[in-house]
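Colleague: Given the coordinates of chain C, work out where chain H with the ligand should sit on it, guided by the hints.
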Amino acid sequence: MPPEMQLCVEKHVKYIQSLDTRKDELEYWLTEHLRLNGLYWGLTALHLLGHPEALPRAAVLEFVFSCLHQSGGFGAAPGHDAHMLYTVSGVQILATLDAFDDLEAHMEGGRLKIGQYIASLQNTETGTFAGDEWGEQDTRFLYGALNALSLMDLLFLVDLENAVSHVQSCANFDGAYGTSPGAESHSGQVFTCVGALTIAGRRDLVDEEKLGVWLSERQLKNGGLNGRPEKKEDVCYSWWVMSSLAMLDKLHWIDSEKLTSFILQCQDPELGGLADRPGDAVDVFHTIFGIAGLSLLKYPGLIEVDPV
Amino acid sequence: MPIFYHDDPEWSDIEPLPQDDGGLHPLAAIAYADEYSEAMGYLRAVMAKNEFSQRVLGLTEHIISMNPAHYTVWLYRSRTLSELKASLHDEIAWLNPTALKHLKNYQIWHHRQTIIDGINSPKGEHEFIATMLEQDSKNYHVWSYRQWLVKRFGLFDDKEEMRWTEDMIHADVRNNSAWNHRWFLVVGGRDGKTLPENVVKREMDYAKSAIRKAPQNQSPWNYLKGIVREAKLPVSTLKDFALEFADMRRPDDIYSSHALDLLADIYAEEENGKEEAKKALELLASKYDPIRAHYWNFRKGLLDQSGVAA
Ligand SMILES: [Zn+2]
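In order, the protein sequence lines correspond to chains C and H.
With full-length UniProt numbering, the residue at position 170 of the first sequence is 170, and numbering never jumps.
With full-length UniProt numbering, the residue at position 264 of the second sequence is 264, and numbering never jumps.
Just chain C, with the same shape it has in the complex:
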């Protein structure tokens, strides 16, 4: 393989490990509310790179449990209020580390408690899910809720039918989905909506060809993917767009060679990590989505990822 088509695996592993030692940087505490999310992203990236041991399991679990409230919800970090987003990350980490038994040892009946916390955030009238007890609602939360519940085999705790009809009401005239009924179509929302319908076993509700066309139109001449019509390309959309296409079995509708080379151009070949587009500063978020994207593209040496 020519050097510009090479993924710098070792560098990326080092970069992800180094994130935790950069605590004195301003950026670190500004993004501190993302901690549990960030940890999940880092962990996933390391698994895909084939280096799951790079973050020690016991220390990760100890941190995750220290974010868990009696209510069954997780906060972003110890001492933070419980929130849907972090609860989903918490469950995802536990699933990645195959640690539901450790959970029961830490909190008796923990799995069910977490499931009930998530279920309590469903609005029984509209089927939507709130992010927290204060009521902000978004299809991201709905997808997260179904995702976490299915990882714990607890989907029966919620009203699936109602949730599905809410997702349907977010479908737009262009075949894609927005954050709420009428909101502009957006790749990230397409992922959450198609993901939710897939988990609920109702993919038949998706107009697969029309949505596939909309998704494939996200690819720009330079190979990168954008999030909405007439916007710039960005590495994180490689994940949202491609995993949606993969769920629809239409990944071959985009040019994977051009996309691969676009993602590889976003690497920092010296210090590791990936940026949103070539030449920009790297961050953990774009690193994981870039690597997950390459894994969907079956880049040699990466573990294959499940699009849902």
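Hints in this document: simulated from the structure, not taken from any laboratory.
Treat the hints with caution; some may be incorrect.
Stated by the list, open to error - Mimicking DMTMM-like on lysine to aspartate or glutamate, the simulated pairs with C-alpha atoms at most 25 Å apart in a straight line are: (1) H:K201 with H:D240; (2) H:K138 with C:D234; (3) C:K210 with C:E230; (4) H:K208 with C:E230.
It should be emphasised that the depicted structure is a prediction, and the values quoted were computed from it without experimental measurement.
Modeller: The following block gives chain H with the ligand in isolation, referenced to the frame of chain C:
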């Protein structure tokens, strides 16, 4: 200038609560900058004793200025405002510059909705939105918030709202958010009722004139096709229009891949149009949109299979 509380007489009755980080292990030890760390200690302390006061508003304002993405702080501020029955107009006056400083922040918009809902009037919000969109005319939060205003205050048929949307499209005909907003007003507000004929004609004319300005722009094509479908008209309604940009007798002078795409659909439905449809799809695969060649070839395959394209 950093602000500290430990030698401020107004806060002498409060003992800041340290971060409960579940013991010091490598992943949990959180190193804040001193100022932020101290302010958070005081916040944890007032939260622990459910204090709702003017000084809590000051404290949360200070923390938000350092880290606006911390959702707990916003929630506590919101509760404090409601417990104190504080002036919501003052809150909006403070929020405006804060939102401008943090364009991509999520919590600010949620907070704003709560406040405006309480004030029960959208007065002044349009000016504020205009300022926000000057920074980024496609900011998703701002457009979502605008939709919330339309729904909350019943502005679907408001002439000003429509005129403003038109101005936004006029300023940038490629602003997909503005096109989506127009759809939201014209179709979204009708709750599934059929569009009157004059509205269908008006909307088709509007999209067509935008396409003539920039034939390769996706947004008005999506809009135009959406209106035709919504009005339950056949796609062939758009044949003459599409031919303006893609005449297959002159394959080197195609001005829009979207027109070719549409023509492929139209020809496929015509009795003897299969060959023409194929030609359009081949042009797309080879010349006008080669990056999606697989998709165009898939469509061509469908033609061969069934004789009528999906
Ligand atoms: Zn991005």
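Colleague: Take the hints in turn and mark each one as holding or not.
Modeller: Here is how each hint holds up against the structure:
no., hint, result
1, H:K201 with H:D240, "holds, 15 Å"
2, H:K138 with C:D234, "holds, 15 Å"
3, C:K210 with C:E230, "holds, 18 Å"
4, H:K208 with C:E230, "holds, 18 Å"
No hint from the list above goes unmet by this structure.
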